[in-house]
Amino acid sequence: MVDVREVKEKAFIVISSLLAILAVLPIFHIIFSVLYRGIPPILAAGMGFLTEVPPPPGGGIGGIGPSLVGTFMLALTSSLIGAPLSFASALFSVEFPDNPISKGVRTLSKALLQIPSILVGMLVYTLVVVPMGRFSMLAGSVALAIMMIPYVTTYVEEALESVPKTYKEAGYSLGFSRTQVVFKISVSIAKRGILTGLLMGFAKVTGETAPLLFTVGKQRQEISLDPLGYSDSISLLIFDFIQTPYANWHEVAWGAALVLTSIFLTIFLMSRSLTRRVVL
Amino acid sequence: MRIVRVMALIPSIRGSLLPRYDKGFFLSLLPFASIIFAIFLALACIVASVSQQSISKFGVRLLTESVWRPSEAGEEFVSYGLLAPLYGTLVTSVTAAAMALPLSLSTVYFMEELAPPKLRELFSTLIDLMAGLPTVLYGLWGVEVMIPFLRDNLMAPLHELLPWVPLFSCEPLSGASLLSAGMVLAIMIIPFMHSLIRDAYGSVPMTYREAILSLGANRYEYFKMMLSLIKPAIIASLLLGLGRASSETVAVALVVGNSFNVSPCIFSPGYTIPSLIANQFSESNFYPYMQSALYAGGLVLLILGVVFSTTGLIMMRKAREMYG
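Chains as they are written, first to last, in our numbering: chain A, 6 to 285; chain B, 1216 to 1539.
In isolation and in its complexed conformation, chain A is listed as follows:
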C-alpha cells in the first residue's frame, strides 16, 4: 500500500534539493567558463596582457592595459566623490532619525537602488557630457558615484546603527560633544562595517557597465590618467568586444573577464573576512 502523503513528501524533498542546486549551478559554470576560456589568451599574451593595448581586429591578443588602468581610476575617483557623500548622509540619517530630511534620505536611497543604471548614464550624459562637450573620466566617475551612493549609504547606516547605545551614552556622560561621540565612539566601533560598505561600493563600481556607456568615451589606444580625457573600463571592453565578429577580440574579452572576476573576487573575499570578525 503506497502512502500518497509519503510519496509527495519524498518527491518534494528531492525536487526542492535539485532546484536549489540548479539555482546555484550557473555561478559555478560562469566561473569555470571564465577560467577555461580566459586562461589561454592570458597565457598567450603573458604579463603584457595587463599593460599592452588591445590588438587590431584579426591580429594577436595584445592586452587590456588602458581599460585596466581606466577601471581603477574610475573606481578610485568615483569613490572619492561617492564615499564622503554617502558617509555624511548615512551619518545624518542615523544621528537625526526623526528629521524629515533623514526620512527622505532613507526612502530615496532605497529608491535610487532601484533606478535603472542606464538612466543614470543618460542623466550624466545630459548633465555633464553635453555641457563639457566631450566624454571624460570625470563624467564616468560622476555616474558611478551616483550608482555607489545609495549602496554605501545603506551599508554605513547599518554599521552605525549597530553601535550599542550604551557606548554612546558613556561618551556623553564623559562630557563629549555630539561630534566627538560620533567620530571617536560610533565611527571607531563601526569602522569594520563602514569599511565593508566602502569595499562593496568599490566592488560594485568596478563591475558596472551601463552608466559608462555614454559617459567615459572609449580610450583603448593608450593608458590615460587625465580626469578630463577619455577613459575606459574592463566591463565596457568586454561588452564591446564580444559583440564584434573578430575571434581574437572574443579571446581578449574572455581574458578581460578573468581579470575582472579576479578583481571582484579579491574585493569580495576581503569584505567577507572583514565582516566575519565583527563581534558587536
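Please keep in mind that the hints were generated in silico from the structure rather than gathered at the bench.
This list has only true hints and no planted wrong ones.
Here's a subset of chain A near chain B, in silico, CB distances under 8 Å, partners left out:
#1 E14
#2 Q119
#3 S122
#4 L128
#5 I151
#6 R183
#7 A258
One-sided and incomplete, this derived list gives chain A residues near chain B with beta-carbon spacing under 8 Å:
#8 S38
#9 S98
#10 G109
C-beta: ideal position from N, C-alpha, C; glycine also.
Given the coordinates of chain A, work out where chain B should sit on it, guided by the hints.
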C-alpha cells in the same frame, strides 16, 4: 531619540554648549545629505523635459506602434514607437520572475530546513557572490556559453516537437531571444528574491511552526503552510524581482538579439527598453526626436519601476507587520 533624553540629563556638565554643537553638526551634514534629493530632482527634470518633445509629437503612438525609423532627411519621415521594446521588457521580466520564484523558494527551503550548517554557509556565500557578480559577466556567459547550449538542447527540440504551439512556433536562429534574456535575468534575480523570501521565512514565529508540526504535518505540508504564512512576502519578491529584471541593461543587451519584433514566439529575438537605449543612445544626437524618444523610453521604465517597487514595498510592509 534616547540620546536626546540622555543629553537632557546632563546639562549641568556641558551646560548650554550641547545644543550649539548639535546645530553645527546638523548644519554641516545637511548639504551632503541633500545631495540625494538633488540627484532625484535632476533626474525627474531631465527625463520629463527631454522626453516631452517626442511625447507631444507622437503621443500614444509612442506606446502602441512598433516602428523605429530614424531619419536625417526631414521630420515628416521620422517615426518612433516603443511597443516592441516595451513588450520585450515585460515578456523577459515576467519569464525571469516566473523562473526565479520556484528556484528561490527551493534555495530558501534547502538552506533553512535541509542543509547542514557547513553547506548552508557555502550556499549563502554563493548567493552573495551571485548578487554581486558584474552583470557584464552574466551577459558574456549567456551569449557565449548558455545560448549555444540552449539553442541545440532546448529550443531546437521544442520547436521540432511542438511547432503548433505559438510560444515555440518560430525557428531558433542564433539563439539570442526573449527566452534567453529571461533565463539570464532569472539567474541574476535569484539572489535578490531569495533574500527577500528568506527574511520573511525566518520571521515566522517558532510557535506557528510548532503548531503546524504538532498537527502531524509532514515536511511537504509544513512547507506549504509556511508559504501560505508568508504569501505577501512572496508576492513582494515577485514584484521587486520584476522591477530588477526590467531595468537590467548590459546582460540583456548581449542575449536578447536586439531586433524590433512583437511576436508570441519566445525563440524570436527581441528588444528591451534598456537594451534599446544602450544600443541607440550614442547616435541619438544625429537624428531629430531620437534622443527624446529614448528618454520617453526611460520615462516608461521609471514608471514601470515605480509601480513594481511601490506595490512590492507595500506588500513587504504587510509581510513585516504580520509577525511584528
